[in-house]
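Spelled out from the first residue to the last, the chains are:
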Amino acid sequence: MHAAEITDPPAGPPEEAEPGDIILSARGITVGFGSKIILKDLDLDIRQGEILGFVGGSGTGKSVLMRAILGLVPRRAGRINVFGYDLETATAAQRQSIERRWGVLFQQGALFSSLTVRQNIQLPMREHLKLSQKLMDELASLKLELVGLPQDAGHKYPSELSGGMIKRASLARALALDPDLVFLDEPTSGLDPIGAAAFDMLTESLSRTLGLTVYMVTHDLDSLHSICDRIAVLGQKKVLAIGSIDDMMSNDDPWIKSYFRGERALRRT
Amino acid sequence: MAFLEKNTPPAFRIDARSPDHQILCLSGDWTVSTLAAAEKLVNTIKLDRKLTSVQVDDIGMLDTSGAWLVHRLRAALEFEGQRVDIVGADAERESLFSQIEQHHPPRWRPETTSFSILGFLELTGRQVVEVGKDSLRMLHILGSLGAVLSTVLLHPKRLRGIAIAVQFDKTCIGAVPIVALMSFLIGAIISQQGGFYLRQFGADIFVVDLAGILVLREIGVILTAIMVAGRSGSAFTAELGAMRMQEEVDALQVIGLNVTEVLVLPRIVALMIALPILTFIANLSALFGAGLTTWAYLDIPPAAYLNQLQAAITLETLLVGIVKAPFMALIIGVIACVEGLKVGGSAESLGHHTTMSVVKAIFLVIVVDGLFAIFFAAIGI
Ligand SMILES: Nc1ncnc2c1ncn2[C@@H]1O[C@H](COP(=O)(O)OP(=O)(O)O)[C@@H](O)[C@H]1O
Ligand SMILES: [Mg+2]
Chain L
996 MHAAEITDPP AGPPEEAEPG DIILSARGIT VGFGSKIILK DLDLDIRQGE
1046 ILGFVGGSGT GKSVLMRAIL GLVPRRAGRI NVFGYDLETA TAAQRQSIER
1096 RWGVLFQQGA LFSSLTVRQN IQLPMREHLK LSQKLMDELA SLKLELVGLP
1146 QDAGHKYPSE LSGGMIKRAS LARALALDPD LVFLDEPTSG LDPIGAAAFD
1196 MLTESLSRTL GLTVYMVTHD LDSLHSICDR IAVLGQKKVL AIGSIDDMMS
1246 NDDPWIKSYF RGERALRRT
Chain R
39 MAFLEKNTPP AFRIDARSPD HQILCLSGDW TVSTLAAAEK LVNTIKLDRK
89 LTSVQVDDIG MLDTSGAWLV HRLRAALEFE GQRVDIVGAD AERESLFSQI
139 EQHHPPRWRP ETTSFSILGF LELTGRQVVE VGKDSLRMLH ILGSLGAVLS
189 TVLLHPKRLR GIAIAVQFDK TCIGAVPIVA LMSFLIGAII SQQGGFYLRQ
239 FGADIFVVDL AGILVLREIG VILTAIMVAG RSGSAFTAEL GAMRMQEEVD
289 ALQVIGLNVT EVLVLPRIVA LMIALPILTF IANLSALFGA GLTTWAYLDI
339 PPAAYLNQLQ AAITLETLLV GIVKAPFMAL IIGVIACVEG LKVGGSAESL
389 GHHTTMSVVK AIFLVIVVDG LFAIFFAAIG I
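Protein chains in written order, with the working numbering: chain L, 996 to 1264; chain R, 39 to 419.
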C-alpha cells in the first residue's frame, strides 16, 4: 500500500476498535523549525493491533514526527486523529483519556532522575488511579519482570543504570497503565544483539497478548524483519513508502533499496 | 484491551457445584481503570471448598493488571491448600495468564521509617563527616586553583582570556542595573531612617557621616556580595552541575583538559575582577540615593551634602570596603564550583546543591566580613 491510497480519517465517537481499524491517522502534517521545514504534508495511518516499524535516515525527522503526534512539537499544519478524537478539538478531559491510553519510550529514556525506577513506574498509576501501595508495588515488580529487569533494579536511580536498563525501565513506565498504543523511539539501539532480540520478542508478545498497537522507530533490520507487520519509510519530508517487508524488499526507490538490500542488509543473511 | 471509556464495574458470582467444588464466575471489566474497585472486590471474596474453578470468559476486558489480581487471588487460595484452575480463557488470555504465572514477586513489605535516637545520631555523624569532606574539597579546589594560576603566570598564553571575558560580561555587566538599583534604595532608606532619628538631637547633618561610612565600609560590599552570590554563584553551580549530569565534565577530563583550568579558573577570576567593580558602583549609587533623600527630607542641599561627605570619609574608608571584595568573590566562586562539581545524577541533586551553594556563600560572606571588621579594628583602621 502506498501513502497516496490512504482513506479519510475515521470520524465520530470512539467505538470498540477491531484489529485492523485505524487507531491513529495523521493528515497533511507540516512541521518546521525556523525557516527549515522538517516534515511537509505527511500522511500516516496506524492500525489497531499492528507493529509499525518506522525507518529513515538519521536526522530525517522520525523523532520530530513522533513528538508532533504526541503534541510536544507544534505543527504548522495538519490534523491528527487518535482513538477517534481530533487532537485539536479534543476537550481537556478527552485529551487526558487519550494520554492515559498511550505510552511513550523516548529516545533518551527520559526517566525522572530524582525518582527510583519503581517510583518512575508507579508515577502514572499514582497520578491517574487510586490504588493501594501494595498493589502498586506488586504491579511495578510485575512490569519490571515483564521488561526483563531484575527486581533490585527497582530501587536504583536512573543515573545508576546502564543504557539498556534505562530503555527497559522506560518501557516499563510506558506500560504502567496498560496502554493501547505505545510509541517506541529506537528502543533497541544501544542494546546487545541478545538483549535487542529479547526486546523484540517482548514487544511482539505484548502486542499479541494485549492487543497493543506499537509505533516503533528503529534501525534494527532484525526487528523490521521479524516482528513488524508494516514498515514506513520517512524521506523527503514525507512517508516515502509504507507496506510489508516484502514490499520494501521489492521497492525501487534508491534509498529504500540500499537500506533493505544494501551490503549491510545482505550481510545479515 | 481497554479501548472503551465506559467501564463496566467488575463483579463476581459463586456457584456451588458439589460440597467440594465451587465455581467463581468473574464478569465486568478487569482493567487498570477498574483496578481499585476490583481490588476491593477481590478482598471480599470468600471461598472455602477444596476445588475452585475461576471462570473468566464473562470478563469483558482484561489486561495485565486485572490478570494479576486474578492470579493473586488464585495464588492466595492455593497457598491455603485449595486447588484452583482457570477455565474459559481463550488463547490470548491463556498466554496472558501463563506470562503472569511466571512472575514471583518478592514478599511485599510496607516501607517503614521510624524515628530513633540512633538514626538521629547517625545523621548527625554523617553530616559532620560531610562538613569535613567539604572543607577538604574546598581546599582541593583552592590548591588546584593555585597550581593552575602559577602555570598560567609562567605561560600567560594559557590564560583563557575569552572565557574570562564572557564570564565577566555575565557576572559584572549583567549585574550592574540590579546592583545599582538595590544600593540606591538601601542608601536612601538608611539616610531617611537615620536622618529622622538624628533630627531629634538637631544633628541632621551627621546623617551624611552615618551613610557615608556605613555604605563604604560595610553595606556596599556586603549587599553586592550577597546579590552576586544569589545571581552568579547559583548560575555557576547550576552550569557545572548540569555539565556533570550530562557527563560533560568527564568528557573534558578524557580529552586531557584540566577541569579547574577550563571551568573553574575563568569563573573565579572573572568574579574576582567583577566584585570590586560592582562594589564601587554600588557605593556610588548608594551615596547618590543618600544625597537625594537628605535633600528631600532633611533639606540638606547637594553642595552641603558633598562638603560634609568630604570631611567624613577618606580614601581609606573606600578602600576598607573594596579590599574585601576579591576575598568574598573567591569564597562565592569556590563554594559555587565545589557544589556544582558535587552534583549527582538527578535533577533533585542539582536543585539541592544550587540552594546549598547560595546559602553557604551568603553565610560565609557575612562571617568573613565579621573577621575583617575584627582585623581592621585590631590594626586600628
Ligand atoms: N528543537 C529543535 N530545533 C531545531 N531543529 C530541530 C529540533 N529538533 C529537531 N530538529 C531538527 O530536525 C531534524 C530531525 O531531527 P530528528 O527527528 O531528531 O531526527 P531522527 O530522524 O534521527 O530522529 C534534524 O535536522 C534536527 O536538527
Ligand atoms: Mg531520533
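Don't read these hints as lab results, they were simulated from the structure.
Be a bit skeptical, because a hint or two may be false.
Which stretches of chain L does chain R cover? Using the computed rule of at least three CB atoms under 8 Å from a CB of chain R, they are [what the hints assert, rightly or not]: (1) 1148 to 1159; (2) 1188 to 1195; (3) 1200 to 1206.
From the three backbone atoms N, C-alpha and C, an ideal C-beta is built for every residue, glycine too.
Hints, one by one, checked against the model:
Under the rule that three or more residues need a Cβ within less than 8 Å of chain R, the assignment of the stretch 1148 to 1159 of chain L holds, with 4 such residues. With 0 residues carrying a beta carbon less than 8 Å from a beta carbon of chain R, the stretch 1188 to 1195 of chain L misses the three-residue requirement, and the given coverage is violated. Counting residues of the stretch 1200 to 1206 of chain L whose CB falls under 8 Å from any CB of chain R gives 5; the rule of at least 3 is met.
Hint 2 from the earlier list is the only one contradicted by this structure; the remaining hints agree with it.
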